[in-house]
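Asker: Chain A is already provided as a structure; the job is to place chains B and C on it using the hints.
So the chains spell out like this:
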Amino acid sequence: MKRRDIIQKIGFSALFACMAANIFFLGGIIFFIAARGLSSINWAFLTQAPRDSMTAGGVAPAIVGTFYLTMGAIIFALPLGVACAIYLTEYSPKGWIVNLLRISINNLAGVPSVVFGLFGLTVFVKYFGFGVSILSGSLTLGILALPLIISASQEAMTAVPQSIREASLALGATQWETIRRVVLPAALPGILTGVILSVGRVAGETAPILFTAAAFYVKGYPHSPFSEVMALPYHIYALMTEGTHPVEQTRIAYASSLLLLGLVLSVSMLAIYIRARQRKTYNA
Amino acid sequence: MKKILMSIVALGLAMPAFAGKAVMEGSTTVLPIAQKAAEVFMNNNPGEEISVRGGGSGVGIASIIDGTCDIADASRAIKPAELEKAAKKGRNLKAHVIAMDGISHIVHPSNTVTNLTREQIKKMYTSRASNWKEFGGPDLRIVVISRDSASGTFEAFSDMVLDRKRVRPDAIMQASNQAIASIVARTPGAIGYVGLGYLTPAVKAIGVDGIIPTKESVLRNKYPITRPLFMYTNGKPEGTVKKFIDFLKSPEGQKIVNEEGFVGLK
Amino acid sequence: MNKRKERLIKYLFTALAFSSLVFLIGIVLVLFKEALPIFGKVSLKAFLLGESWYPTSEPPEFGILPLILASLWVTLGALVICVPIGVGSALYLHELAGPRQRAILKPVIEILASVPSIVYGFFGMVILSPFLQDTFELPIGLCALTTSIILGVMATPTVASIAEDALSYVPRSFREASFAVGADRWQTLTKVIIPAAGSGISTAIILGMSRAIGETMTVLMVAGGAAVIPHSVFDPVRPMTAAIAAEMGEAPVGSDHYNALFAIALILFLITFVFNIAAEFISRRFRLKLGLSR
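Chains as they are written, first to last, in the working numbering: chain A, 15 to 298; chain B, 912 to 1177; chain C, 7 to 300.
Keep in mind that a hint or two might mislead.
What the hints assert, rightly or not - Here are some chain C residues the structure puts well away from chain B; computed CB gaps all over 10 Å:
#	residue
1	L85
2	R178
3	G255
What the hints assert, rightly or not - Cβ-Cβ distance ranges computed for the label pairs, FRET-style:
#	chain 1	residue 1	chain 2	residue 2	range
4	B	P991	C	S49	25 to 31 Å
5	A	G42	C	E12	52 to 58 Å
6	C	I283	A	A48	37 to 43 Å
7	A	A28	C	G204	14 to 20 Å
8	A	P93	B	E1149	28 to 34 Å
9	A	F38	C	L42	44 to 50 Å
10	A	N56	B	P957	24 to 30 Å
Hint data in this document are derived by calculation from the structure and do not stem from the laboratory.
Think of the CB as a built atom: it goes at the ideal place given N, C-alpha and C, for glycine as much as any other residue.
Chain A on its own, in the form it takes in the complex:
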């Protein structure tokens, strides 16, 4: 073998090792958490409230809380995000506006999650007086999800062929009718992928709800948007840092982590699957 072939071989092996490291990371995390968490997950764990000083029972209120927070965030972020994407792709604004909006979207996506938490605390909890509640938490998480939904929707709408739009306009449809009847339906799967990805992201966030929504313990289910709630990610944090029964709590924290990991990863996989199918139909 020539020297340069050897170098190439070593180089390619190194790249392969890098790729393998990703699989190793993902596999390692799933394996360790599943190995110690799986045995504690059963029907009672999913359907009961915590009991006996958080050492027994389940995490049902936390599951419900996470569900409400996530739905609230999407209800808030979806219309705003899609509207923003429509404006950017369909109304072709001036270049500097596009740049300004793109920079603000990218920067909003890069804001550290704890800063969202402080913003939510100051504005929603204190200034608007929503208190520590589902509403405050959802709005805070919604802002966090906004850039994700905008980019996904924008990408989906850009992918809709220009010829379809022109055909619609040529038939006498107004621009809004074209958007509503032609562009949005065609972009729907792409927007849906964005929504699902945001669900995964929002459901797993802890820092933004730390000061805006999360409760250590509630027994029942929330009655109004102004109730504070337990949430799965915060529950894991609370189990590891509060309470006087570390051994039992760690066991429950393993199970809760596995549950959260399972939820978030299956949501992401669903989004990836939908996107892959969508691409196939485009190519076919």
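Answerer: Below, chains B and C alone, put in the same frame as chain A:
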């Protein structure tokens, strides 16, 4: 805009009030008592609802001043600045002592040291003292662990042990009692301090000035680092809040305090 | 009538489109408003360069240099992991993996990116830190090293997917020209493709850094929390995000301490803002250089 929002909020807040709902918030030290008491209370009184948050003594007191919680848990007494703020908002906060606590110093079970004086502890936390040998222990680096300097537990500790001197900068600051207990449990050279309720077989409580922290020694006021734990209410408690505070002060409630490892008021 | 409706709809979308800008400005305003009072009591220089963080002592000291250095220290450590592995896997995906492999490997990276930070923090706390403590016989397992490893793993997918994007922008003609002059695949990769995608890859690295420095829960759980200027990778540290998350709960609203925590958040925001703008700027030039309009 703000007015409309406020009225929506008022409506929202009024609804749960009918259901007999109370929000309890504050000290992480009091949290285990609060949680268990709320759990038993709700089992005894279906229809009543109490939600429990941690956050810290400061948060609890701030929230009750803002009117966003009904009961504030605190592991320290209210500060003059906070009282002033409460007065400005027209709140008349009422303190309820619900338990006693001894701040226990803990080390790894393998550590041979069984007793330290307050002076020695102060030296560990404030000077550069670095080896257990200096304190009659094994040849091991001391890992100093403390609560975050804003917590109620830290303030009590700082008052009663450190004479308000600063903790050395390389001390590991943790946000909760359990975090400290779990680090000490797996760190041979560690020293930390936690509420009495957080003592487990995984850590070893050492005596302070010759007295081991136990319920007995705290109750008799022999243990040198004891403090009351509070719940603050807005004025005289009423409704669910009153029922809950009464429950916690009753023999059944005080039994919970003892079960969670703290010291009931007899 | 129809025309008025159309125009109304357009205005509506225009207004809604500016929501992200409004939120961004709102965040900046809130941070400034809540942070500014502290600078009436401590000078900006003393705040940024002070070496002692004693927010509750009498008198208090608000020096955040240890916190800033801790954030940079763990981020630097994270780069050691996420840059080679992230860029390496991007190159693998782009150069070596066939379509079938890509169909499996790209989702793996995306799924790794979606693991919640609390799960990473939990993993670091119960599995990695005891392991490192035993392996290196450390006095304590919660330290800069543990934090850097976890942050590195968290930032790897960010670096990998953005770097892969950058590689895909390199025109085919570059590669063909290189093969034509007799270079092999490795030479083409190192001498042609990487330099061509260089600024795109640096964007990926900057955004990876931005991700690592702003991470909160993981750092809160595994960094140890000692507010001291780090001297080794085994020192427990207190990065900015951990200080905010841990102390915000205990600081009385409106106190100096409360304002100081917002000031830390402001500094943190500005750091990530600079990173994001730099990434934006570099990637724009990168695309122009390769003759791409977008």
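Asker: Taking the hints in turn, state whether each one holds.
Answerer: So, going through the hints one by one against the coordinates:
Every CB of chain B lies more than 10 Å from the CB of L85/C, the least distance being 25 Å, so the non-interface label holds. No Cβ of chain B approaches the Cβ of R178/C within 10 Å, the least distance being about 54 Å, so the stated non-interface status holds. Non-interface call for G255/C relative to chain B: violated, since the shortest CB-CB distance, roughly 4 Å, does not exceed 10 Å. A hinted range of 25 to 31 Å holds for the C-beta pair P991/B and S49/C, which are about 27 Å apart.
Taken as a hint, the range 52 to 58 Å holds for the pair G42/A and E12/C, whose Cβ atoms sit roughly 55 Å apart. Distance hint for I283/C and A48/A: a CB-CB separation of about 41 Å, consistent with the stated range 37 to 43 Å. Between A28/A and G204/C, the C-beta spacing of about 19 Å keeps the proposed range 14 to 20 Å intact. Taking 28 to 34 Å as the suggested C-beta distance range, the pair P93/A and E1149/B does not conform, at roughly 42 Å.
Range check, F38/A to L42/C: Cβ separation about 47 Å, and the 44 to 50 Å hint holds. N56/A and P957/B have their C-beta atoms about 26 Å apart, which keeps the hinted 24 to 30 Å range intact.
Against the hints set out earlier in the document, violations occur for numbers 3, 8.
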